[in-house]
Amino acid sequence: MKFKQIVLFLFCFVVFMAFGSVSESAAQEISDKELLKDASGEELQEVISSYQGEKAVLVNVWATWCAPCIEEFPYIVDLKQKYEDKLHVIFISADFPSQREKALEFLKEQNVDWTTYFKTGKDQPFIEAISDDWSGALPFTKILDNEGNLVANWEQGAEYEKFERYIKKAINN
Amino acid sequence: MTIMKLHKLLYALPILLAAGIIAFLPVEDKKADRLEIGAKAPLTDVKVTDVSGEVLTLKEVAGENGLLVNFSCNTCPWVEAWEDRYNPISKMAEENGIGVIMLNPNAAIRDDGESMEDMQARAKSSGYDFYYALDEGAKLAEAFGATRTPDIFLFNSDMELVYTGAIDDNAKSAEEVEQPYLKNAIQSLVAGKEINPKTTKALGCTIKWPK
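Top line first, the protein sequences correspond to chains A and B. Residue numbers are given in my numbering: position 73 of the first sequence equals residue 73, and the series is strictly consecutive. Residue numbers are given in my numbering: position 115 of the second sequence equals residue 115, and the series is strictly consecutive.
It should be emphasised that the hints constitute simulated quantities derived from the structure, not laboratory data. Mixed in with the good hints there might be a few duds.
What the hints assert, rightly or not - Cut-off 25 Å, straight-line C-alpha distance, at most; resulting in silico cross-link-like pairs (BS3-like, lysine-lysine):
(1) Lys-198(B) to Lys-122(A)
(2) Lys-172(B) to Lys-37(A)
(3) Lys-33(A) to Lys-198(B)
Turn these sequences into a full structure, and let the hints guide you.
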């Protein structure tokens, strides 16, 4: 009887451990390589355009050293989940290459589970590829409707309500 | 109420309603547009206080060949990235008769690293060899249409803007700069040659405008 109890316990233990690791990997299905991909301005233009006809797009350029970027980041993550079916969010880290690991850690802390991007190349072509209206100041946000038309863009941090207002406008356009 | 008055009220009501709605619509923050090339430097008689305690104006700082203004601050890593280039550029500018001033416009976070005391500490630790003054209420930054730190504005002897934007094309490393935009602009200005490019962009921190 005691032997059977031990076997049963071990079986339950193994099953528990197996499910535990499954749920852990489910929470982080995306590899580091996919979570943060290097991308030039040109490549990012292609990514942004690829959603035309499918979903509205919110592009946000941020950096780990940028306090207003960090403050508004969870708002955007939350809104992405809220409007998942109609909105895609493209996060682009403008951190220095030495801070890439830090950017990756931050993304994980924020439970980001979709592909985001890490700026490569020089500032000027990157800034110009993202938006003519952007001077290079961080954070920067632009929101497009699902036809790729510009709905809003701004430099400076923003509150949750402002993001939601323009996301709704983009979705309803 | 007479019928006439009621009619008037009915006509006025939609107008009043529209006015009320417009009044409560969210107003987007829109700072002034960046000064255009050729525009005169604004607010050149406005007094600013340097870290040394000296009170001066942009007009007084300007040299015989022009003026270099850099909107900067203490807390932005992008400002820090170019730190090794501020003194050499200032020296070059001054040797060519161009006065130099760095202005701190971060009015919203004076208590968070951008006070005069913080500026004094920074100027001392970095050995700044140029004026570093406080832009009270970010008035100058707003008038110039500056948007980030650092942000460069170079004026000629008539105080007309001839170059604005980035210091060069590589914040990370002075050795890997391919396009020293500002140095080239200064050299061209002094030589009477055309400056090209006249405007450039670089990443930086948003200016912390007063609330």
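Structure-based check of each hint:
1. Lys-198(B) to Lys-122(A): Given pair Lys-198(B), Lys-122(A) holds - Cα atoms ~18 Å apart, limit 25 Å.
2. Lys-172(B) to Lys-37(A): holds, 20 Å
3. Lys-33(A) to Lys-198(B): violated, 39 Å
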